[in-house]
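**Student:** So you can see what is in the structure, the chains are spelled out below.
2 protein chains.
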Amino acid sequence: MDHTTAILLELFIIFVAAQVGGALARLVRLPSVVGEIVAGCVIGPSVLGWITPSEPLEVLSEIGVVLLLFAVGLETRLEDLKRVGGSAFAVGVLGVIIPFACGTFWAHSIGPDWPRSLFIAAAFVATSAGITARVLKQMGALQRTESRVILGAAVIDDILAMLLLGVVVAIQAGGSLRVGRLLAVLAEAVGFVLVVGWVGTRVMRRGSKWLDRAHDPLAPLLLVLAMCLGLAWLSTRFGLAAIIGAFLAGMIASETRQREHLEEQTRPLLALMTPFFFVLTGAKVELAQLANGAALGLLLAATVLALLTKLAGGWLGALRLGVRPALTVGVGMIPRGEVGIVVAALGLSAAVFDERIYAVIIAMSLLTSVIAPPFLAWLLKAREPEPEAGISKPM
Amino acid sequence: MDHTTAILLELFIIFVAAQVGGALARLVRLPSVVGEIVAGCVIGPSVLGWITPSEPLEVLSEIGVVLLLFAVGLETRLEDLKRVGGSAFAVGVLGVIIPFACGTFWAHSIGPDWPRSLFIAAAFVATSAGITARVLKQMGALQRTESRVILGAAVIDDILAMLLLGVVVAIQAGGSLRVGRLLAVLAEAVGFVLVVGWVGTRVMRRGSKWLDRAHDPLAPLLLVLAMCLGLAWLSTRFGLAAIIGAFLAGMIASETRQREHLEEQTRPLLALMTPFFFVLTGAKVELAQLANGAALGLLLAATVLALLTKLAGGWLGALRLGVRPALTVGVGMIPRGEVGIVVAALGLSAAVFDERIYAVIIAMSLLTSVIAPPFLAWLLKAREPEPEAGISKPM
Numbered sequence: 001m002d003h004t005t006a007i008l009l010e011l012f013i014i015f016v017a018a019q020v021g022g023a024l025a026r027l028v029r030l031p032s033v034v035g036e037i038v039a040g041c042v043i044g045p046s047v048l049g050w051i052t053p054s055e056p057l058e059v060l061s062e063i064g065v066v067l068l069l070f071a072v073g074l075e076t077r078l079e080d081l082k083r084v085g086g087s088a089f090a091v092g093v094l095g096v097i098i099p100f101a102c103g104t105f106w107a108h109s110i111g112p113d114w115p116r117s118l119f120i121a122a123a124f125v126a127t128s129a130g131i132t133a134r135v136l137k138q139m140g141a142l143q144r145t146e147s148r149v150i151l152g153a154a155v156i157d158d159i160l161a162m163l164l165l166g167v168v169v170a171i172q173a174g175g176s177l178r179v180g181r182l183l184a185v186l187a188e189a190v191g192f193v194l195v196v197g198w199v200g201t202r203v204m205r206r207g208s209k210w211l212d213r214a215h216d217p218l219a220p221l222l223l224v225l226a227m228c229l230g231l232a233w234l235s236t237r238f239g240l241a242a243i244i245g246a247f248l249a250g251m252i253a254s255e256t257r258q259r260e261h262l263e264e265q266t267r268p269l270l271a272l273m274t275p276f277f278f279v280l281t282g283a284k285v286e287l288a289q290l291a292n293g294a295a296l297g298l299l300l301a302a303t304v305l306a307l308l309t310k311l312a313g314g315w316l317g318a319l320r321l322g323v324r325p326a327l328t329v330g331v332g333m334i335p336r337g338e339v340g341i342v343v344a345a346l347g348l349s350a351a352v353f354d355e356r357i358y359a360v361i362i363a364m365s366l367l368t369s370v371i372a373p374p375f376l377a378w379l380l381k382a383r384e385p386e387p388e389a390g391i392s393k394p395m
Numbered sequence: 001m002d003h004t005t006a007i008l009l010e011l012f013i014i015f016v017a018a019q020v021g022g023a024l025a026r027l028v029r030l031p032s033v034v035g036e037i038v039a040g041c042v043i044g045p046s047v048l049g050w051i052t053p054s055e056p057l058e059v060l061s062e063i064g065v066v067l068l069l070f071a072v073g074l075e076t077r078l079e080d081l082k083r084v085g086g087s088a089f090a091v092g093v094l095g096v097i098i099p100f101a102c103g104t105f106w107a108h109s110i111g112p113d114w115p116r117s118l119f120i121a122a123a124f125v126a127t128s129a130g131i132t133a134r135v136l137k138q139m140g141a142l143q144r145t146e147s148r149v150i151l152g153a154a155v156i157d158d159i160l161a162m163l164l165l166g167v168v169v170a171i172q173a174g175g176s177l178r179v180g181r182l183l184a185v186l187a188e189a190v191g192f193v194l195v196v197g198w199v200g201t202r203v204m205r206r207g208s209k210w211l212d213r214a215h216d217p218l219a220p221l222l223l224v225l226a227m228c229l230g231l232a233w234l235s236t237r238f239g240l241a242a243i244i245g246a247f248l249a250g251m252i253a254s255e256t257r258q259r260e261h262l263e264e265q266t267r268p269l270l271a272l273m274t275p276f277f278f279v280l281t282g283a284k285v286e287l288a289q290l291a292n293g294a295a296l297g298l299l300l301a302a303t304v305l306a307l308l309t310k311l312a313g314g315w316l317g318a319l320r321l322g323v324r325p326a327l328t329v330g331v332g333m334i335p336r337g338e339v340g341i342v343v344a345a346l347g348l349s350a351a352v353f354d355e356r357i358y359a360v361i362i363a364m365s366l367l368t369s370v371i372a373p374p375f376l377a378w379l380l381k382a383r384e385p386e387p388e389a390g391i392s393k394p395m
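Chains R and L supply the protein sequences, listed in that same order. Counting from 1, position 87 in the first sequence corresponds to residue 87 in our numbering; the numbering is continuous, with no gaps. Counting from 1, position 271 in the second sequence corresponds to residue 271 in our numbering; the numbering is continuous, with no gaps.
Bound-form chain R, shown alone (with noise of 0.2 Å):
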């Protein structure tokens, strides 16, 4: 009992701050995301002391950033990111090839050898779509080609960041590098979005019908949550995030006639759960670690590198939308969020590296995720004068 007791206190306590670092932000003209991560940080154990991240938090955090990608995925037709594949495509591999590059150089001269560098620049690769997603949702700007971009980009992010993981994992270890066994993961994960997208897609527009016919105005609700769950578990089988499961089970929702019903019941959905997410992920980090000007430096180098080197990946690749939409598209590809602190955990436990570049990667992850989205929202917001022109702007 007294266990629950302190549960509830921490969950009243998280929905709270974020209700209160969200208007704070807004107050001063920033995307609330921002607000509801630094409330994490404050209320954490780095400054406050007052939740302290467990099993349990995890959960609803991961359940939070589950359903905000399931919403996003219902205002995304799979047919909008077919047309912006090339650059996705693009966007995708830059994205992934340019941080790595320059951040094994980068982590190899201050001091690891290569394969361990090879290891933290991984930390350096992966995307986390739920910020930026949250920031182009409240901005109502998901129906624009630079979002379609950014998403599709992604998935495709996330597919290559795990291939990579397994390989830099394998070099550290010392394990010989079987190509045909990565190409079969590869292959696996490629055949896993494609297959759920397309088949999905197909079967959700026949079968549309049938559930106009459901009496209990919940049923297609209960349908669609129960096949984000179970395609959220399916995704992580073949490697890749939770998130994209989510994100595909959206957008198989999105063709049914039930759409705009499905949007309106998962509101309550996520201003319930995704608090969870956002303040959880300010509460990972661990200030002390980094209170001495050398940790302070190598956080502002990794930082810049982190930020600079997607910008170049995601811009390089959108460049045919434009110099600034392909602008938005790099800043959007910007946060890094969980998935580092996951390359980070992982490096901290096979003793790749020391306590004090775990905290620098994790603060880099998360200072990314909180500078991206004030110029992230500029950049929407400069184009928002003209709504007509530039939404439907053809690639």
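Don't read these hints as lab results, they were simulated from the structure. Check each hint, because a few of them may be wrong.
No copy labels: a pair is met if it fits in one copy or bridges any two.
[Said to hold, decoys possible] In silico DMTMM-like pairs for lysine to aspartate or glutamate, Cα to Cα no more than 25 Å straight-line: (1) 137 to 264; (2) 209 to 264; (3) 82 to 212; (4) 209 to 260; (5) 381 to 216; (6) 137 to 216; (7) 82 to 188.
Here the structure is a predicted model, which is why all the values come from computation and not from measurement.
Following the hints, position chain L against chain R.
**Tutor:** The following block gives chain L in isolation, referenced to the frame of chain R:
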């Protein structure tokens, strides 16, 4: 990462099992809650072992039942509860005294000494409002006099059960019974409920206008959800169940002008979260401990005792409503659910009784939760032909 995968699979299984179990139950004209609990038992460790109760699942289950009681509170007016105050009080008090007295004698008759018997009897006392509330809500019967008596009695019942548990734990531990301390605890709990209920509803009625001016349509929901989590936590600080605070929060929110909107927005939250509560309830039965004649005999006796004593208490307390409504109240008070489970866990950890009695108490708690809903549904349906005449019967 691996752990997240495992949990995602469990979430998916629980969610789907709840839908399937609920649908099957409705097919044979049972309330869906029965199907969900049975589904939990089937996928739990006792049968298939697909899911294992764990801390994250407990937290999800707690959030589920908290949201459920919040939603029930949202359909309940303080004024309506006040009107049935006398009956509710009688039902609450008799529904505690009769099961406790009979439970003590029964427990003593099967072996344990008096202090242990008092402890075991405490497991017969507390009604779990969640299961009855779900049936009442699903049948659209929350506005009936009987339902209000049940909800009011559940609050009183929880206060008395909390006190009683304090008493038996003290007696068992051989400590002296400090009557002054107990009276203080009682005064605090009663004071908490009255102050929150009275002040909260009054403040809300005024603040409601102010909420109208929010431009985010989710703002009122966010506010009342924060209040719900806050009061759920606070009520555990006063020794009460979290659901009492959630129920009060719902009742306060029902005073706002946004009430109908809030009801609408709460529905998807319940659809996602309540399955975790009911499925996990079912998953906790340990069938292996009951797989012999003696244990089954004990279980049968305990369940019959639990059913009849609570039925008698509720029926006697509500008799002034008429014979049949009083029967509905009596049946509505039968489910024991999680409170019996808490007592059993306390008793096991304090070595007051053995694993067999533990398993019997848990199975009894769950059996009452499965047996009561069909009768409750039947009693409520039997009166449906005369809805106008029956609903607003003054007491």
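**Student:** Hints first: check each against the structure and report whether it holds.
**Tutor:** Going through the hints against the structure:
{"no.": "1", "hint": "137 to 264", "verdict": "both (14 Å within a copy, 22 Å between copies)"}
{"no.": "2", "hint": "209 to 264", "verdict": "both (19 Å within a copy, 24 Å between copies)"}
{"no.": "3", "hint": "82 to 212", "verdict": "neither (28 Å within a copy, 42 Å between copies)"}
{"no.": "4", "hint": "209 to 260", "verdict": "within (15 Å within a copy, 29 Å between copies)"}
{"no.": "5", "hint": "381 to 216", "verdict": "between (40 Å within a copy, 19 Å between copies)"}
{"no.": "6", "hint": "137 to 216", "verdict": "between (28 Å within a copy, 14 Å between copies)"}
{"no.": "7", "hint": "82 to 188", "verdict": "within (20 Å within a copy, 63 Å between copies)"}
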